[in-house]
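Undergrad: Spelled out, the chains give:
2 protein chains.
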Amino acid sequence: MAGGGSGPAARRATEPGPELADLVDRARRGEQRAVGRLLSMVENAGPRLREVAAALAPHTGYAHVVGVTGAPGVGKSTSVSALVGALRAAGRRVGVLAVDPSSPFSGGALLGDRVRMGEHSTDAGVFIRSMATRGHLGGLAWATPQALRVLDAAGCDVVLVETVGVGQSEIDVVSLADSTVVLLAPGMGDGIQAAKAGILEVADVFVVNKADRPGAARTVRDLTYMMSLGQNASGWTRPVVRTVASRGEGVDDLVAALDAHRRWLDAGGERHRRRLARAEAEIEAITLEQVRGRIAALRGSATLPDLAKRVVAGELDPYRAADELMDAVGPS
Amino acid sequence: MAGGGSGPAARRATEPGPELADLVDRARRGEQRAVGRLLSMVENAGPRLREVAAALAPHTGYAHVVGVTGAPGVGKSTSVSALVGALRAAGRRVGVLAVDPSSPFSGGALLGDRVRMGEHSTDAGVFIRSMATRGHLGGLAWATPQALRVLDAAGCDVVLVETVGVGQSEIDVVSLADSTVVLLAPGMGDGIQAAKAGILEVADVFVVNKADRPGAARTVRDLTYMMSLGQNASGWTRPVVRTVASRGEGVDDLVAALDAHRRWLDAGGERHRRRLARAEAEIEAITLEQVRGRIAALRGSATLPDLAKRVVAGELDPYRAADELMDAVGPS
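Chains A and B, in that order, are what the protein sequence lines are. Sequential numbering of the first sequence, starting at 5, is according to the working numbering. Sequential numbering of the second sequence, starting at 5, is according to the working numbering.
A portion of the hints provided could be inaccurate.
Since the list can't tell identical chains apart, any single copy or any two copies may satisfy a pair.
Below 20 Å or equal to it, Euclidean Cα-Cα: the simulated SDA-like pairs (lysine to any residue) are [said to hold, decoys possible]: (1) Lys313 / Gly273; (2) Lys313 / Ala220; (3) Lys313 / Ala301; (4) Lys313 / Arg303; (5) Lys313 / Thr228; (6) Lys313 / Gly129; (7) Lys313 / Arg96; (8) Lys313 / Met231; (9) Lys313 / Val259; (10) Lys313 / Pro22; (11) Lys313 / Ala281.
Keep in mind that the hints were calculated from the coordinates and are not lab data. A quick note: this is a predicted structure, and the numbers were derived from the prediction, not measured.
All chains should be built: construct the whole structure from the sequences, respecting the hints.
TA: Here is the structure:
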């Protein structure tokens with residue numbers, strides 16, 4: 005009963021139609037409207053999500069994905085905006101995904117919707133998207149991996165993923181990013197908070213923002229000391245960059261640090277290894293989600309209730325029932 | 005590739021061997037050692053778990069499963085012990101599963117291991133098991149549904165499941181129990197805590213324990229008032245029983261309230277409906293767990309890494325990769 009006729013048909017349906025192929029072509033040329041439509045399609049997880057994913061796949065894998073995280077108040081949005089400016093000045097195409105549960109913008113928000121990104125919103129080389137966190141995969145919106153693929157296919161040299169550094173979200177961004185920037189601001193409290201959240205272990209580049217404030221030197225010193233306690237197995241020496249993002253100070257240093265990290269990732273094959281691990285996690289998550297979805301669909305049919313009846317009647321143990329359910333939800 | 009030859013063989017392996025059939029027979033006659041061995045087998049989730057589940061299935065569905073929950077300090081263990089005494093005095097066979105993350109006893113703890121249950125530990129009609137909470141299914145140990153089946157098959161008329169009423173665990177016990185007892189003790193704080201945890205909605209029977217203490221009347225009044233605010237859709241009027249469990253006072257009233265609830269559940273078909281819903285949830289959880297387990301097994305093989313490689317190379321989108329993974333993990 006498994007592996008039957010429905011599979012090939014379902015897969016044929018994921019071939020991109022001519023309209024979608026045209027949309028992807030236009031996105032690859034950098035058309036803001038086409039990029040926006042593709043982002044909406046992956047965010048809404050509609051019936052065409054698979055089709056979009058298939059159409060994007062051949063055009064991905066180029067962008068340098070940079071996660072930017074840190075506690076509220078350290079200046080994440082200001083830093084991201086300053087980074088966009090510096091990257092654009094170097095002629096690079098930039099994408100920004102702002103994943104922030106406190107954002108006033110919904111998942112369907114339009115490109116250029118962020119007030120603080122206003123200066124970049126008319127720049128054709130910048131793609132900005134605010135994504136509401138929704139769904140169950142921690143703080144980072146579940147649609148984020150697909151949205152990253154859209155911006156990657158749109159020819160972005162760098163995609164910045166900004167998340168609030170609370171709870172689980174900084175771990176999520178790490179699992180998505182090639183390079184992770186952890187922002188701190190003067191004041192030992194932030195450093196301790198960061199250490200608690202396990203953020204020090206996952207950072208590739210540290211930024212002490214608001215470096216003109218009292219205590220900046222102390223924060224840098226504390227950070228350097230804390231790093232000296234842990235063994236860095238990867239061989240990458242994590243730089244500590246001082247910035248005053250609101251005035252653009254130190255931002256070129258940050259760009260240089262990120263470029264150096266990318267070169268290091270590429271040289272040792274580490275970038276490829278990270279991408280493989282990320283792809284494995286993503287494939288597994290999609291598989292489990294599909295099993296869940298198919299089981300939910302079977303609630304409406306007689307299959308799951310029938311199995312439950314037989315378990316309650318003692319005719320079937322729950323493990324055999326799970327086998328039968330697996331047969332029913334089996335390969336697409 | 006799916007639905008192939010491994011399935012029937014895997015299922016044949018779940019037929020109980022003669023040794024296991026003998027063990028189940030001895031457990032059904034109430035032999036403590038046989039019950040203990042079966043509990044260990046399901047707790048350890050070893051290769052024979054499926055075999056045990058299959059052997060137990062025809063002998064389950066009789067026990068009245070009673071969840072007992074409440075905040076720390078309200079007297080849960082004392083109340084459970086008093087309930088065991090009252091039920092034993094009425095000649096009923098009783099099982100106790102103590103699911104408590106703060107328990108000093110491990111999941112492999114022996115029968116009769118609970119100090120406070122000492123008085124019952126030499127009684128052949130009482131089966132007591134402390135289960136450490138482990139695994140990922142919230143506060144209640146994942147093995148609990150299977151352990152319940154063991155005690156059910158062992159001919160227990162009533163199985164008491166004691167959980168600490170913190171976080172998610174009271175919801176878990178509700179999803180397992182036919183009847184849920186929520187314990188409170190004098191002092192409005194407890195009442196408010198309970199309301200916050202959503203515990204008022206899930207209770208079938210309320211117990212105000214330590215009813216000899218100042219404030220007991222007030223707690224009963226507050227509880228009655230809070231219940232009057234919510235509509236009771238089920239048609240069951242939830243009783244509020246006063247007890248002083250440490251002296252056995254009111255415990256017969258609690259037994260009577262539980263018996264009345266069981267009669268009400270049976271008369272309206274509600275017990276069957278709850279068991280069906282519970283079986284559906286259990287089948288689904290086992291299915292997802294098996295998919296997860298099979299994916300984990302594929303990490304060691306080339307399947308998942310190969311799929312990840314093709315996704316990273318852009319040859320395959322992650323949704324098609326998930327299809328292929330689903331084929332590989334497909335029906336057993």
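Undergrad: Would you mind marking each hint as holding or not holding in the structure?
TA: Each hint, compared with the structure:
For a Cα distance limit of 20 Å, the shortest separation of Lys313 from Gly273 across copies, 13 Å, qualifies, whereas the shortest one inside one copy, 53 Å, does not. Neither within a single protomer nor between protomers do Lys313 and Ala220 lie at most 20 Å apart by alpha-carbon distance, with minima of 65 Å and 43 Å respectively. Taking CA atoms no more than 20 Å apart as the test, Lys313 paired with Ala301 passes inside one copy only; the shortest distance there is 18 Å, against 31 Å between copies. When the C-alpha separation of Lys313 and Arg303 is checked against a cutoff of 20 Å, the pair qualifies only within one copy, where the shortest distance is 13 Å, while the shortest distance between copies is 35 Å.
For the identical chains of this complex, Lys313 and Thr228 are neighbours neither inside a copy (62 Å) nor across copies (36 Å), given an alpha-carbon limit of 20 Å. In this homomeric assembly, Lys313 and Gly129 never come within 20 Å of each other (Cα to Cα): the closest approach is 59 Å inside a single copy and 30 Å across copies. Neither within a single protomer nor between protomers do Lys313 and Arg96 lie at most 20 Å apart by alpha-carbon distance, with minima of 61 Å and 27 Å respectively. For the identical chains of this complex, Lys313 and Met231 are neighbours neither inside a copy (58 Å) nor across copies (33 Å), given an alpha-carbon limit of 20 Å.
In this homomeric assembly, Lys313 and Val259 never come within 20 Å of each other (Cα to Cα): the closest approach is 61 Å inside a single copy and 29 Å across copies. For the homomeric pair Lys313 and Pro22, neither the shortest alpha-carbon distance inside one copy (47 Å) nor that between copies (28 Å) is at most 20 Å. Proximity of Lys313 and Ala281 under a CA criterion of 20 Å is satisfied inter-copy only: 9 Å between copies versus 41 Å inside one chain copy.
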